[in-house]
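*Asks:* One letter stands for each residue in the lines below.
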Amino acid sequence: MSYRKLVLLLAFLLIVPIAIFLVYAFAQGWFFPALWPERWDSELFLRQLRDPQVRRGFEQSLVVATGVSGLALLLGYPAARVLELQQFRGRGLIYGLFFLPTVVPSVATGIGLNIVFLRLDLAGTLFGVMLVHLIPVLPYVVLTLGSSLAHYDRNYEHQAAVLGASPWLVFWRVSLPLLLPSLVVAGVLAFLISWSQYVLSLLIGGGKIITLPMLLFSAASGGNYSLIASLSLIFIAPLLLLLGLVARYLGSPATGATPRP
Amino acid sequence: MSYLQLDQLTKSYAQQTILQNINLNLNQGEFLALLGPSGSGKSTILKLLAGIEAADAGEMRLAERLLNPVPAHQREIVLLFQQPYLFPFLSVAENIGFGLKARKEPKKLIQQKVAELLELVELGGMQQRKPQQLSGGQQQRVALARALAVQPKVLLLDEPLSSLDPEIRVNLQGVIARLHRELHMTTIIVTHDLSEALALAQRTALLINGEIIADLNSIELFERPPNRAAAQFVGVGAIIVGHMQGPTFCSSLGQFNGNFAPNTRHVAIRPEHIQINDQPQPQTIAAQIIERRYLGERWEYRLQTNEQIVVARETVQAIREIGQTVYLHFPQQSIFALND
Amino acid sequence: MAKWRSWLGLAPASIIMLGLFGSSLGYGIAQSLGWLPFLDQRELSLAAYRNVLVGQQLGGQWWSALLFSLWVSCAATFGSACICLGLLSSIAERQQHYRGLSIVSNLHLAIPHSVWAMALLLMLSQSGILARIGFAVGWLDQPKDFPVLVRDRWGIGIILAYITKEVPFLLLIGLATLRQQGRAYLLVAQSLGANRWQRLRLVLWPLLAPSLISGSFLVFSFIFGAYEVPALVGVRYPEMLATMALELFLNPDLQARAEGMAVSMLMSLIILAVVGLAWRWREQR
Chain H
1 MSYRKLVLLL AFLLIVPIAI FLVYAFAQGW FFPALWPERW DSELFLRQLR
51 DPQVRRGFEQ SLVVATGVSG LALLLGYPAA RVLELQQFRG RGLIYGLFFL
101 PTVVPSVATG IGLNIVFLRL DLAGTLFGVM LVHLIPVLPY VVLTLGSSLA
151 HYDRNYEHQA AVLGASPWLV FWRVSLPLLL PSLVVAGVLA FLISWSQYVL
201 SLLIGGGKII TLPMLLFSAA SGGNYSLIAS LSLIFIAPLL LLLGLVARYL
251 GSPATGATPR P
Chain E
1 MSYLQLDQLT KSYAQQTILQ NINLNLNQGE FLALLGPSGS GKSTILKLLA
51 GIEAADAGEM RLAERLLNPV PAHQREIVLL FQQPYLFPFL SVAENIGFGL
101 KARKEPKKLI QQKVAELLEL VELGGMQQRK PQQLSGGQQQ RVALARALAV
151 QPKVLLLDEP LSSLDPEIRV NLQGVIARLH RELHMTTIIV THDLSEALAL
201 AQRTALLING EIIADLNSIE LFERPPNRAA AQFVGVGAII VGHMQGPTFC
251 SSLGQFNGNF APNTRHVAIR PEHIQINDQP QPQTIAAQII ERRYLGERWE
301 YRLQTNEQIV VARETVQAIR EIGQTVYLHF PQQSIFALND
Chain C
1 MAKWRSWLGL APASIIMLGL FGSSLGYGIA QSLGWLPFLD QRELSLAAYR
51 NVLVGQQLGG QWWSALLFSL WVSCAATFGS ACICLGLLSS IAERQQHYRG
101 LSIVSNLHLA IPHSVWAMAL LLMLSQSGIL ARIGFAVGWL DQPKDFPVLV
151 RDRWGIGIIL AYITKEVPFL LLIGLATLRQ QGRAYLLVAQ SLGANRWQRL
201 RLVLWPLLAP SLISGSFLVF SFIFGAYEVP ALVGVRYPEM LATMALELFL
251 NPDLQARAEG MAVSMLMSLI ILAVVGLAWR WREQR
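Residue numbers (the UniProt record's numbering), protein chains in the order written: chain H, 1 to 261; chain E, 1 to 340; chain C, 1 to 285.
Next comes chain H alone, as it looks inside the complex (with noise of 0.2 Å):
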């Protein structure tokens, strides 16, 4: 296969999906075996977009998702630059503190927590879902940012630093600049990563807490394939967004996210 053609396969993979969602989500009356629907109809995807628990679940996802993003652009940015620019003892012992919660699964995590947080009386809040969004997210964050960080020319800052400008300056004028295809690809992948959390939300919101992917497991256990198409259309609406203003920097390793499975 000529790499034109993977590119494109591997494009048109990415659409068939979302092709897939939109006519199981406008088709009217599309019984087995029709090929095309007979009808089309916005109704029920219209509806979902009313209805006050999608509303809601919509809103909590955009809360949580947005503010752990935050949160751990927040934290990581400091703690990367540290693991990544500066030699120090225990630095591998740290790494292994970000790595290690990348491998376990979130299962394990969101089980051990649920009664730690029922004690804390953060099971249930927001603040809790986010708080355990973060085990995911921050460490991811702090490895893309540090790899990021290895592509990362630090002179300009000392030249900076010589120049006479104050770490303030440096790091608002030199640093975020040079740095901020990084923290912004580091900050949508954080976002998509609690926006996508199904496990841990569900064992630390509680059922008071309902957010997006909730809402598509019980369609999906419930088998309405319409209704399971508009919720997923609506589930991944803004990732798509996201995803389609940071694209051009995802494919050079400076400012390219880490991958992960």
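Hints are not guaranteed to be accurate.
What the hints assert, rightly or not - Here are the computed distance ranges between Cβ atoms for each label pair:
no. : chain 1 : residue 1 : chain 2 : residue 2 : range
1   : C       : 93        : E       : 124       : 32 to 38 Å
2   : E       : 307       : H       : 176       : 54 to 60 Å
3   : H       : 12        : C       : 285       : 34 to 40 Å
4   : E       : 129       : H       : 22        : 58 to 64 Å
5   : C       : 43        : H       : 47        : 51 to 57 Å
6   : C       : 136       : H       : 240       : 26 to 32 Å
7   : C       : 8         : H       : 16        : 46 to 52 Å
8   : C       : 205       : E       : 340       : 53 to 59 Å
9   : H       : 176       : C       : 8         : 14 to 20 Å
10  : H       : 32        : C       : 53        : 42 to 48 Å
Claimed, not checked - Covered stretches of chain H (in silico footprint by chain C; criterion: 3 or more residues with CB under 8 Å from a CB of chain C, positions within the stretch not fixed):
no. : region
11  : 5 to 17
12  : 33 to 45
13  : 82 to 89
14  : 113 to 119
15  : 129 to 139
16  : 233 to 243
17  : 247 to 253
Hints in this document: simulated from the structure, not taken from any laboratory. All C-beta atoms in this analysis are idealised placements derived from N, C-alpha and C, irrespective of residue type, glycine included.
Place chains E and C on chain H using the hints.
*Replies:* Frame of chain H, contents of chains E and C only:
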């Protein structure tokens, strides 16, 4: 018929012409330097020869056989890159034996040849090292041994020394020169460094903007570059503008008799051939020293005459001061004509 | 001074991670050992582990879930690694830059597993798009003629979902290696007389092996412990360990909690062992 022939070779990338009608002929065992500034297209010639890229037009022949349709791995022409590119997952011995293994030579023979080649590049006994354990110069020697192992008909060297420290570079130049003396392999080296071309190759082709503007004996190129562009590249003391009057070349810097063609409009002289005098003498031109530079064995002066700037070099006798007026003499026998 | 400052940057993130991850681990272990203070049960015992591993009720379930998890993870990992290697082999020769491919692969990674699984369900179920196409073409007469590809007892749906999802991941891992000097090594090999097959076997595969193998370990450990996909396109029996653990934990019978914890601890232990092996394998090279 020449051993290696390039005939009207042309190559362009995205509407930009890199090579324009390149003609080159090499005899078997010849060592040619392709000299030129960066971006002149000299590496592209090697890529076309090695088969890594395809020519847009023109033919390449090796021992009469047309090379253009032959895939790279069947050309028996090996290209050595600027970086050694030793396979990181193989030992030194496995790297050197790579081409022989691809040719399915027996293991015993490979071992024996690897040992011989390692001796040849002065790294005897290093078979089991990993590339990462070698210095840059050692890596490049292993790469050289790896290229020689397949006994290529033509060896192409693409600035193989330019990423090494000066001392190691000189040392490796010695190795390459010795290998050529011993093996007589037809070799082309690409370089932007005039001294490297002079040190290694009997013959140099000067490439500027995708065209060969000079192709002759290396020493000749240095001492009497045939045209203005070549003279500018190798550096001369002065390019003097004038016109022929009978057998004499007349210019503002003097009149010169020589075996010049009747339409000669430019002549030149090497900086070390210009004589500097303190007092005016017959056939001298006054000039003022505007800059000076110590080169180790010589002083180099930039001098302003009434007409133009002249560069002269002089073995250290008296140090002359900036601003001082001196009188320049251009010896008749050192003047050579330039084609336009 | 400088030292103290550098710790200041690292401390908040590390403390939060240590607190969250440490307490989840600590409580998980404690509860799996029967320390359930809300039931007034504070005696430590290995009862939960015994029930899970050899108990009458759970023992069979654990072993079949373990086997099923191993089957799904191995099949999906092996499948995606092979596909990825094939794709990279076919494109590595001529390509110098891989910008386009890494952008689309990254976009693939961004689709949540749950949504991807749903798309697969709508596509492959017995009344899904493919079945409709099959009917239109005349290959089948009724929905049940279409093979059960999702929510099937062999986990085909789960495996398919993972393979299609992990190929882009492994592609990115491989591209990171190729991007460095992959093309140059292949050109050198070609110049030395290696034909296309030899270039793949002697250069490209050894070059890609370390990163693809460690990437495959990551894929394996992810699939082995993930919940979403088997919950959405799997069946109740056989189930994977992650679904078994969560179901036990959410069981109204509070005693089952300890067993759910035990399952999740054992599952994590297996994953850590695999990751540890991968780590050691990498260190040795």
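*Asks:* Look at each hint and say if it fits the structure.
*Replies:* Hints, one by one, checked against the model:
The hint said 32 to 38 Å for the Cβ distance between residue 93 (chain C) and residue 124 (chain E), and at roughly 36 Å that hint holds. With their beta carbons about 57 Å apart, residue 307 (chain E) and residue 176 (chain H) fall inside the hinted range of 54 to 60 Å. The given range of 34 to 40 Å is respected by residue 12 (chain H) and residue 285 (chain C), whose C-beta atoms sit roughly 37 Å from each other. Hint check: residue 129 (chain E) to residue 22 (chain H), Cβ distance near 60 Å, so the stated range 58 to 64 Å holds.
Checked against the given bound of 51 to 57 Å, the beta carbons of residue 43 (chain C) and residue 47 (chain H), roughly 54 Å apart, stay inside it. At roughly 30 Å, the beta-carbon separation of residue 136 (chain C) and residue 240 (chain H) lies within the given 26 to 32 Å, and the hint holds. Checked against the given bound of 46 to 52 Å, the beta carbons of residue 8 (chain C) and residue 16 (chain H), roughly 49 Å apart, stay inside it. At about 57 Å, the beta-carbon gap between residue 205 (chain C) and residue 340 (chain E) stays in the expected band of 53 to 59 Å.
Judged by the Cβ atoms, the range 14 to 20 Å given for residue 176 (chain H) and residue 8 (chain C) holds: they are separated by roughly 19 Å. In this structure the hint that residue 32 (chain H) and residue 53 (chain C) lie 42 to 48 Å apart at CB holds, the actual value being about 45 Å. Closer than 8 Å: that is the beta-carbon criterion, and the region 5 to 17 of chain H has 8 residues meeting it against chain C, so the requirement of 3 holds. Look at the region 33 to 45 of chain H against chain C: 3 of its residues bring a Cβ nearer than 8 Å to a Cβ of that chain, three or more, so the hint holds.
Counting residues of the region 82 to 89 of chain H whose beta-carbon sits less than 8 Å from any beta-carbon of chain C gives 4, enough to reach three: the coverage restraint holds. Coverage of the region 113 to 119 of chain H by chain C holds. Counting CB-CB distances below 8 Å, 4 residues qualify, and the rule asks for three or more. Given as covered by chain C, the region 129 to 139 of chain H passes the check, having 6 residues with a CB less than 8 Å from a CB of that chain where 3 are the minimum. Using a Cβ-Cβ cut-off of 8 Å, 4 residues of the region 233 to 243 of chain H lie near chain C, which meets the minimum of three, so the contact claim holds.
Remark: the region 247 to 253 of chain H is confirmed as covered by chain C, as 6 of its residues place a Cβ nearer than 8 Å to a Cβ of that chain, reaching the required three.
Comparing the model with each numbered hint stated earlier shows that all of them hold.
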